[in-house]
Amino acid sequence: DGGITQSPKYLFRKEGQNVTLSCEQNLNHDAMYWYRQDPGQGLRLIYYSQIVNDFQKGDIAEGYSVSREKKESFPLTVTSAQKNPTAFYLCASSSINSGGPYGYTFGSGTRLTVV
Amino acid sequence: AQRVTQPEKLLSVFKGAPVELKCNYSYSGSPELFWYVQYSRQRLQLLLRHISRESIKGFTADLNKGETSFHLKEPFAQEEDSAMYYCAPHSGGGADGLTFGKGTHLIIQP
Chain A
795 DGGITQSPKY LFRKEGQNVT LSCEQNLNHD AMYWYRQDPG QGLRLIYYSQ
845 IVNDFQKGDI AEGYSVSREK KESFPLTVTS AQKNPTAFYL CASSSINSGG
895 PYGYTFGSGT RLTVV
Chain B
105 AQRVTQPEKL LSVFKGAPVE LKCNYSYSGS PELFWYVQYS RQRLQLLLRH
155 ISRESIKGFT ADLNKGETSF HLKEPFAQEE DSAMYYCAPH SGGGADGLTF
205 GKGTHLIIQP
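Residue numbers (the numbering used here), protein chains in the order written: chain A, 795 to 909; chain B, 105 to 214.
Any given hint might turn out to be false.
Claimed, not checked - Which bits of chain B does chain A cover? Going by a derived footprint, with three or more residues having C-beta under 8 Å, they are:
#1 115–122
#2 128–134
Claimed, not checked - The following label-pair restraints were derived from C-beta to C-beta distances:
#3 B:Glu184 - A:Pro833: 44 to 54 Å
#4 B:Gln106 - A:Thr880: 21 to 31 Å
#5 B:Phe118 - A:Val846: 46 to 56 Å
Hints in this document: simulated from the structure, not taken from any laboratory. Given the structure is predicted, the values throughout are model-derived calculations rather than measurements. Even glycine gets a Cβ: it sits at the ideal position worked out from N, Cα and C.
When you get a sec, could you build the whole thing from the sequences and use the hints?
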């Protein structure tokens, strides 16, 4: 698995608990992203970050939080406020140029199940 | 609002037949356009992007600004082309996140 690593691959959470999903990249990419993938819904953007110590909400940020303390790392916390957290979570990174991203490199994903 | 539509959830064709996966977008300005592919048990990966006009594995995509479409085409489908395909326009001007279509599941029958 070169470039971008997500862990764990599978995660089980009890209702009411917060969990943190890890995403690390060694591609020297400035931008990192979190998406949620549900059947029939495609990919929906949760949060993204263009530089260290800065991040923006995506389309479905409610119930999630992130941090970007290092360029290489962009962890996602799924809080107890997220009403339907069971999903497949994808992390991605990209380089930035004036014309937008060159395209994303994706991690292998984390499947979160609330039990 | 930015929108991208992939009208077909599922597309099934026979091996050797031509394939066209449709993508329509509603964006202001001139977006950059991407197609991503996810093969079974593999990561989502970039298939092609409009600006580079590349052709990968026989796939091409033409931007039609009049129809605001970016359909993906393959003249002779192979069984290994079976996968989920996502269209993703980007409005440019930074890295503020791609908006993905809901995807089309392409099945190539032998």
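query = Hint by hint, which ones does the structure fall short of?
reply = Hints 1, 2 and 3 not satisfied by this model.
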